[in-house]
Structure formats: C-alpha cells, structure tokens
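A.B. asks: Residue numbers (my numbering), protein chains in the order written: chain A, 1 to 281; chain B, 1 to 281; chain C, 1 to 281; chain D, 1 to 281.
In short, the hints are calculated from the structure, not lab data.
Watch out, some of these pointers could steer you wrong.
The list cannot tell twin chains apart, which means a pair is met if one copy fits it or any two copies do.
What the hints assert, rightly or not - SDA-like cross-link-like pairs, simulated, lysine to any residue; straight-line CA separation at most 20 Å: (1) K62 x A152; (2) K67 x S253; (3) K34 x P201; (4) K62 x T249; (5) K67 x T245; (6) K62 x A127; (7) K116 x T145.
Listed below, chain by chain, are the residues.
Protein chains: 4
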Amino acid sequence: MDMIYNVGCNLGYSVAGPSTLILNIEAARTERQKILRESLVITPDCPIDTWEMPESGNRYTKLRAGKGDLHVRYDADVELDVDSTDPATIEEVPPADVPFVVMPHLYPSRYCPSDKLARWATEEFSAMAPGHERITAICNWIYDTIEYRRGASDTGTSAYDTLAERAGVCRDFAHLGISFCRALGIPARFVSGYAYGLEPPDFHAVFEAYLAGRWYLFDATRQAALDGIVRIGVGRDAAEVSFATIFGTMFPSEMSVHIAPAAGAVKADERTTQAVHISPT
Amino acid sequence: MDMIYNVGCNLGYSVAGPSTLILNIEAARTERQKILRESLVITPDCPIDTWEMPESGNRYTKLRAGKGDLHVRYDADVELDVDSTDPATIEEVPPADVPFVVMPHLYPSRYCPSDKLARWATEEFSAMAPGHERITAICNWIYDTIEYRRGASDTGTSAYDTLAERAGVCRDFAHLGISFCRALGIPARFVSGYAYGLEPPDFHAVFEAYLAGRWYLFDATRQAALDGIVRIGVGRDAAEVSFATIFGTMFPSEMSVHIAPAAGAVKADERTTQAVHISPT
Amino acid sequence: MDMIYNVGCNLGYSVAGPSTLILNIEAARTERQKILRESLVITPDCPIDTWEMPESGNRYTKLRAGKGDLHVRYDADVELDVDSTDPATIEEVPPADVPFVVMPHLYPSRYCPSDKLARWATEEFSAMAPGHERITAICNWIYDTIEYRRGASDTGTSAYDTLAERAGVCRDFAHLGISFCRALGIPARFVSGYAYGLEPPDFHAVFEAYLAGRWYLFDATRQAALDGIVRIGVGRDAAEVSFATIFGTMFPSEMSVHIAPAAGAVKADERTTQAVHISPT
Amino acid sequence: MDMIYNVGCNLGYSVAGPSTLILNIEAARTERQKILRESLVITPDCPIDTWEMPESGNRYTKLRAGKGDLHVRYDADVELDVDSTDPATIEEVPPADVPFVVMPHLYPSRYCPSDKLARWATEEFSAMAPGHERITAICNWIYDTIEYRRGASDTGTSAYDTLAERAGVCRDFAHLGISFCRALGIPARFVSGYAYGLEPPDFHAVFEAYLAGRWYLFDATRQAALDGIVRIGVGRDAAEVSFATIFGTMFPSEMSVHIAPAAGAVKADERTTQAVHISPT
Chain A
1 MDMIYNVGCN
11 LGYSVAGPST
21 LILNIEAART
31 ERQKILRESL
41 VITPDCPIDT
51 WEMPESGNRY
61 TKLRAGKGDL
71 HVRYDADVEL
81 DVDSTDPATI
91 EEVPPADVPF
101 VVMPHLYPSR
111 YCPSDKLARW
121 ATEEFSAMAP
131 GHERITAICN
141 WIYDTIEYRR
151 GASDTGTSAY
161 DTLAERAGVC
171 RDFAHLGISF
181 CRALGIPARF
191 VSGYAYGLEP
201 PDFHAVFEAY
211 LAGRWYLFDA
221 TRQAALDGIV
231 RIGVGRDAAE
241 VSFATIFGTM
251 FPSEMSVHIA
261 PAAGAVKADE
271 RTTQAVHISP
281 T
Chain B
1 MDMIYNVGCN
11 LGYSVAGPST
21 LILNIEAART
31 ERQKILRESL
41 VITPDCPIDT
51 WEMPESGNRY
61 TKLRAGKGDL
71 HVRYDADVEL
81 DVDSTDPATI
91 EEVPPADVPF
101 VVMPHLYPSR
111 YCPSDKLARW
121 ATEEFSAMAP
131 GHERITAICN
141 WIYDTIEYRR
151 GASDTGTSAY
161 DTLAERAGVC
171 RDFAHLGISF
181 CRALGIPARF
191 VSGYAYGLEP
201 PDFHAVFEAY
211 LAGRWYLFDA
221 TRQAALDGIV
231 RIGVGRDAAE
241 VSFATIFGTM
251 FPSEMSVHIA
261 PAAGAVKADE
271 RTTQAVHISP
281 T
Chain C
1 MDMIYNVGCN
11 LGYSVAGPST
21 LILNIEAART
31 ERQKILRESL
41 VITPDCPIDT
51 WEMPESGNRY
61 TKLRAGKGDL
71 HVRYDADVEL
81 DVDSTDPATI
91 EEVPPADVPF
101 VVMPHLYPSR
111 YCPSDKLARW
121 ATEEFSAMAP
131 GHERITAICN
141 WIYDTIEYRR
151 GASDTGTSAY
161 DTLAERAGVC
171 RDFAHLGISF
181 CRALGIPARF
191 VSGYAYGLEP
201 PDFHAVFEAY
211 LAGRWYLFDA
221 TRQAALDGIV
231 RIGVGRDAAE
241 VSFATIFGTM
251 FPSEMSVHIA
261 PAAGAVKADE
271 RTTQAVHISP
281 T
Chain D
1 MDMIYNVGCN
11 LGYSVAGPST
21 LILNIEAART
31 ERQKILRESL
41 VITPDCPIDT
51 WEMPESGNRY
61 TKLRAGKGDL
71 HVRYDADVEL
81 DVDSTDPATI
91 EEVPPADVPF
101 VVMPHLYPSR
111 YCPSDKLARW
121 ATEEFSAMAP
131 GHERITAICN
141 WIYDTIEYRR
151 GASDTGTSAY
161 DTLAERAGVC
171 RDFAHLGISF
181 CRALGIPARF
191 VSGYAYGLEP
201 PDFHAVFEAY
211 LAGRWYLFDA
221 TRQAALDGIV
231 RIGVGRDAAE
241 VSFATIFGTM
251 FPSEMSVHIA
261 PAAGAVKADE
271 RTTQAVHISP
281 T
C-alpha cells in the first residue's frame, strides 16, 4: 500500500551569538520509508555534522551558526509503504519474550512514569483481551477522558500530570498511551512525524507499541490519518525526540510544516481501521 | 594501575510457577575490565539466553525457571585497569560538542528529572569553574546535604524527592548527582557495580559524567573506593539498570554479594583522589 | 429518630519521658448528640486541661504524662437524634450565598487540594443536577473507582495521590469526596467518629457537605451505617482532626474502639437511604 | 510607638452578568490598629453584607453586582500601635503549651505542607537556639536561597514547590517561612496587609509566628518596613486570605493600592530591628 508524500518544513531563527542547533526534521530512512528526493537548505551556509542513530534510524543535523538570521528549509518526497494488517490478528508479546533490545521501552521514563500509573492501567485495561485492540481501547479511553487543548501543558508535564489535569496536546496524549502500555508490560515508544490531515499543520507526536514482533502505530488524538504519518524520530519519550535542540542564544522567529500527497498521488479519504506498521523490524 | 578482584553474588528465589528472570550481574567486558575467569551456575539447570548491549557492554542473562527453588551463583576474577588522571586537567565538553551518541545522557529521565532541578543546579554550581572538580563539588554538596539512610526511599523516589526529603541510599545519591550534571549541560549516567569497601557488601550504585571525551566515575556516598568498582551495568538511571528483573511469580529468598582483592593482589588502603575512568570511551 | 449508642475506646501508651498527649476522642456535645453518661479514666492520674472548640463542638483533653505506662479509657452512652430527610428535596447553596462562617470549607487544604482536582470534578460531576443526590453520585464514583485497601496510604497521602493511585482507606475516601465537593463550589469538611457496623471496629472518617443550610453526612466507603455515626471531631481535613496528638517520647502500645446499641436499644438492620444530618448548624 | 497611615485601594471590574464579589481589603480593627476614619465607596451602589471573623478580626464585604462596570474605592486612616520588643528576650512556646485555639496553626495546610518540609527545617534550623532570632534566621535563609521573581509562581504553587524551584513572590516567601516554623513546632500563619515601602505598591503577604504568647510579624522578602504593615487578614495560608473572591462572570480591569504616612506623620527612615507585634493576642 504505497503512497508518496511531499513533506517538509521552514524554520527561521534569530541568532544573537555563536550557537549550535541540532535538528531532527528529516524523514527517517527505513525499509518502509524510501526517500525519493530531499533537500536541506541552510541559509547562510554554515558547518554541519550529520548522524543517523543505528538502532532507530533517527537522523540528526548539527549546525554551528553565527550572529544573524538563520533559515532552514527541508523538503522531501517520501514513499511510504504502510503495512496494514487486520488488528484482530495481532497479539501482544509476553514481557518475558520481549527481545533484549526492546526491553528499555518497558521502563518508565521522564514523561512516561508508568510505575506511577500502574493502578490506572490495571484497573481500566488489564481485564481486556490482550492484543492490538487493547491498545486501541487505551487510545479510545484517552480520547474520551482527556481534553485536547492547546496551552494545557508545558515542557514539565508528565503523563501523571496529564491524567490528573485531564487536558493536554498530542505529546501528552502519546505519553499517556505509552505509560499505560508499559504499565501493562507492553513496550511502547514516542514517535514524531509529519502527519497528513493535521490541522493546522505542525510536527505531530504519536506512539508505537511493540506487538507480534513489530512496532505498531497509534494516535490517541485522532487528529491525523494513521497511514499518513511520515516518521521523523523515535525515542523513549519527548525528552529524547525534539525537532530542534538549541545551545547558545538563538530564538525561533518562524516555523511552518507541510505534508501533502505528491503530485499525482491520491490519498484515500477514509481513515484506516487497520493496524499500521511503518517502523523497521 | 591494574588490580585484580574476585567478585560475585549468590541469589536465591522461591518460584511459585513458570517465571522469567533477567539478570544483569556479570561484570562488563570492556577495554578496562578483563574477565580472567568467571562462572555462572544456575541450579536447577534451566534454559537461558544471553545478550551483551553493544553501546554499553552490559551483559544480560534471561532464565526461564519452573516451580521450586532457584539458585544463581556468579563468581569472577576481574582485572581492573583503572585509568587515573589529575582531576585539575580534565575539562568539561561544551554541550554543543557532545557526540551524538552521548546526547541522550543530557536529557531528563524517570529518576533524574534534571529539568525540575535546574535552578538548584544553577544556583549552587554554575558559578564554579567547569571541569572534573566541579562534579566533585557536586558530590561533596550531596554528601553534606543528604543523609544516607536505609529505608529512606523506595522504587518511586526520584532525585526531586531526594532533594526535598534530604535522605536516601546510594541510588538516590547517584540520581541526584546525575540530575545536577545534566541540568548544567554535562552528560551523566547511572552505573551499577561490585564496590570494594562497601559495608555491608551489596550491589552499589554510582554515576559517571562525560568529561574530556570520556566517562569519569563519581560516588557521592563516599562508601566505597572509587578505584575499586567493578562495573556491571550503565544506563540513563536505575529504571534501566536492575540486577534482577522478574516476570512471573517468584520471590527473592536469599542474596549475598562479595568483592575482595584476588589471591595475591593487594589493594592500597588509601582512597584515591585522582579522577577515575573505567568505562570504554 | 433517636437511638442510643454505647461508644468508647481504650488507648495504651508507653511513655519514655515527660510527654504531652492531646486527645480528641470524646463524643461531641451538639443539639443532635446528647451525652447521657460518660467517663474518661486516665491511669495513672495526671494533670489535664480540656477545651471545647466553639465553632465545632470538638472536645480536646490534654494530658501531661510522666515516664511509665499510660492508659486512657473512654466510655459513653450517647443519644443520637439523627435528622433524616428525603435526599431529593435537599438543594445545594450557591457559593455566593454560603455564609461567611462556612466559607473556609470551600478552600483547598493540605489533604484536599480541590484546586488540583478541579477538572476531574468538572468533567465527572458538573453536568449532574445539583443537590444531595449529586454528592451521593460522587460517593458512588469514589466507591467504584478507588480500591479500599489497608496500608495503601500514609500520613502524606493527599486526595490528589489517592486519585492517581486508585487505592486508600477511609480518610482518603473522605478527602477525595471533600475535594470534589469544594471543586464544585460545595463546602465540605472532614468528620471523625465512632461508626456502627465498621469491621474491624476503629475510629472512622467520613465527610459532611453543606447543603440547604446544614451539614449532611456522607461515607464513600459504605463501611458503616450513616445513621450510626457518633461524631467526635470536624475540621478542614485529617490534618486538623486527629484522635491523638503526641508531643514528647511516648509510643502507642494498645488500642481498641467500641460502639454498640446501648442496652435495650435496637438498631434497624437496613442501611438508610435518607439524607442524614447530625451536626449542629 | 504610634504611627498613622493613610491606606487604601481602587479596584475596577467589568461584570458580564450577575456576580458576587467578596472583598477582604479593609484594615483589621484590633487593639493595635485603630481605624480613625474610613470609607468604602462602591459604584454603582449595590447590596452588600459585611462580616468580621471573631477569632481573627478579618473583615469581609460581599457585593452583588449586576452587568456593567464596578468600582470599589477603599480609603482609611489607621493608627498603628506597633509593639516593639528586643528579639533576644522572646522565647518560643513548647508545642505542648500552645493554647488549644492556636493549635490549628501547627498543622500543614494547602500551601504550607510542613510535613513534607520537616527534614529541611530540622537540618537547617533545629540546632539553633529557640526564640524570635531563630525565626529571623529562617527568614534570612529564605532571603538568601530563594530568588524573588515576579511570575515565578501561580495559584497552585506550594512551599514545597518554592523550595524546589528556588524562586517565588511574597506569598511564596511567607508560605515557606510558615512551613518551616510549623515543622519545628512553632505555630505560624499568613498575613495580608498594606505595606509601607513596598515598590511597586501592592497588597503584601507576610507571616506571623506565635512566640511568648503573641503573634510576631516576619517578612522574608525584606521588601517593606516591618513596623509599617497595616494588617488586613490572617489565615492558615493564602487559600484562606484573598483580597477578592469572585463568583460569577466578572473580570478585573483596574487595581491600585496605596499607603503613606498620614498628613503630618513621619515614618522613621530606618528599618526596625526590633520584634514587631501588631495582632491581638
């Protein structure tokens, strides 16, 4: 089920003195995401380093910028080979069988203190039949319980706070979903991406749960098409996945994000009800 | 400055039904830790899997145990090639120059919410000259401020709680040191090990800070010889470094830990005042 | 609807040095609680002060004890004139009409941080018709959501923690009920008492909400008969209502609590479904 | 040491629909504060109720306002008979000797969770000689440790948060001082007032500790003259002492506060170093 998207962003910064910017805005290169064409234009030109994290495929670009205005323009055509499966057929992996390399995604992290949410997870979800549909039930519960409200949270907000305050944005929805999964013994991780259908366009945060030997995608916000997410980065939680990390004295002045079917491509209108898998493994 | 230690532990469990145990008790194999001899005896014999985490050298053994008593006995002779350096010569790495692979150790984690401790770190330590001696000052401050008290904390306790409650055990001291370092832009991570001099003998928790391109060891508890620590595991915090992870219904019945200079080896009595480095770069 | 109860308690302490004990164990003297007979025996005899808080009727006894064993025995026959009303007829008082003297019971307190639970209160209960039955709905929700479990909480546990951990004891159930009421603009306060039907017998904690110009009693634990509670003390929360406050070095060695219909009195078996009012107003 | 101040405030509100406003802006009438002249002008005229809390002398005015603009203008000449004493002569009251009526000021409250700050209080202050000078030492410690910064806190901020974040405004400084006192067994309470010397002029928050049978005034912010505070209200913490409480849909549009020596009165330039007592016993 291939689909081609044109994705990208424009970022502007005002740099007051020598600063360093680490970007994680490029589409990941994975078995299921083929970069057909891409360009990263930095104005003015400045020294860069790049790195691709082996275990995740996350791509980082480090810029050293001098005083003045800085512009970053990323644009890419990405062929997305979404793997869709009947959710009813996808089973959970017993914690004891989780591969060693996946184990860290069972542990609590800064924004996903799954240990502190263990009783909520147990009380609400432990009696349900295990499998992909249980994670969907978690997403439905979050959608029904937590109000999506801009400005409801800040960089200090953990899933524990989100549950108590019953309001948040996409990263908070993802953190809560991840926390419930981990509390139930299901590995889960944070995913950033370009998301088709998101209004207004922005970087989006969703999550993946490890089921049947693969990472399946979930979005408790229902704000974007699950088969229209071009993955940028994955990590334990938002602490590890930031589209821009700044060292020095530079300030954002401009930001826009875009995603659209590439010329000639047509995205089906209907939201998928299938289990969606876009990560390698 | 080589030294040979005999280290190990005995762990007993009472297993009520089919269970899985993941151990991280074996000494890490690194450039600075040579395993001269080791044995891991599991009684009764049961199926195992082993894994060595590439980026850390952590070694894991997964056992599948049936109902009954389970005993694990690990014993090893480890040659420790501690690298000692004059602390005054060791500089911090500006955050912008931290290698990509080390970056995750700058972020807050479950037990080290460095973002919430930023002002304490800044107020107490930001005016100090950067370098190895600043981390020593952090350790001294923790030692002077926090009471070491068994039972003062539990598995939910974060460095934020430890600062508020002013009491903790070795893992809490390590978490607080890590949090202050990260808040100052210094990568830091959690280390478990066999520690010469610790009374009573137990697994010990210390931390490493990334300075001058290497991981240097620190122990704010002052309970063990810094050049007498045989490393077992490293990770973001204690959530990732547990000597035993249990899935199923099994309960600890016995535990002892030992470390001593190997036959013929003599450990200098005095505590080192040098900067100590035992991890691979 | 009068009923006579025999209530009381035995408290034993081991006193290591000159100490002071403040007791709040005597049944309150109010329009609806008549003390027919009571005795407070302290062994050995020691100097006491007593005080009755004017605004609440709470009775305090302060003892100055010397080294040795201390025994306190309280026993009373209390005529309880429970006022029962059809709950459907009892309306809430708009916050703007709450008498000045009742206003403090609208504010958050140590264990009832109603400000932090405002969204839960609003989301779950604000759409319900106001009145006594809304508070009953709050109690039902707490009963269904929170597990009653001994040892689930300690003296630091607030209603915020109880909601997150979904487990608690009677004082936690009361704190959560109070918090939700205050968050909705309904004055509420903590009540301690002797409670008929409680198994095992102990001091009980329930709460009162201010409705239709009176304080109505609620018990989200469903552990005792609502019309079988002999009131001891009221206050903002458990911080203000303690049956024993110790200054010095004395330690509890013994405690028992009793309540039973007085000789000849017969308590109806059925739990009341009426609105119950026992406080003066 | 009498002194006459002219104090007052102007408050403007925009009222969208029938609303109720409870004001606590009038100078308290106590043995040490004589109201020589005062006026409270509400425009447009509207129904009011007034109440003076017996145990504190706090004065409340409740207004029922209709749609439109609302203005409140309070102005008074207050004779302040500050009682000044040599701090070295003022002793603490052993907790066991605290009068029953003062006891509630020993307990933790919403913003002053003294139980959670017990170790900080003990570690920093328990070795000091008891008495007025110990509370001054607490104030000095707060002044040295916590940064006074507008916007550093909000209505959810407790003393526990203030200690962790090391920044706050006057109410946070007062909450922390109160918490430390209570943790040490010293009754303490929150005080709002008009404060001579405060720049820019505003309502001020300070605190009182109960010493030698009286309430002595303390201000850890050092922003105003301790003998130039005209008391408005006292309570357990800011939850109980608000200059304006709103029920309904009205919004502040204007606010100014003033205090100055009355015509002919001259306030000494120097800050007092005496112990200051302005509350009724």
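A.B. asks: Take the hints in turn and mark each one as holding or not.
C.D. replies: Here is what the structure says about each hint:
1. In this homomeric assembly, K62 and A152 never come within 20 Å of each other (Cα to Cα): the closest approach is 31 Å inside a single copy and 32 Å across copies.
2. Proximity of K67 and S253 under a CA criterion of 20 Å is satisfied intra-copy only: 14 Å inside one chain copy versus 41 Å between copies.
3. In this assembly of identical chains, K34 and P201 lie within 20 Å of each other by CA distance neither inside one copy nor across copies; the values are 22 Å within and 54 Å between.
4. In this assembly of identical chains, K62 and T249 lie within 20 Å of each other by CA distance solely inside one copy; the values are 15 Å within and 48 Å between copies.
5. When the C-alpha separation of K67 and T245 is checked against a cutoff of 20 Å, the pair qualifies only within one copy, where the shortest distance is 17 Å, while the shortest distance between copies is 49 Å.
6. In the homo-oligomer, the alpha carbons of K62 and A127 never lie at most 20 Å apart, since the shortest distance is 47 Å inside one protomer and 28 Å across protomers.
7. In the homo-oligomer, the alpha carbons of K116 and T145 lie at most 20 Å apart both inside one protomer (18 Å) and across protomers (16 Å), since each shortest distance falls under that limit.
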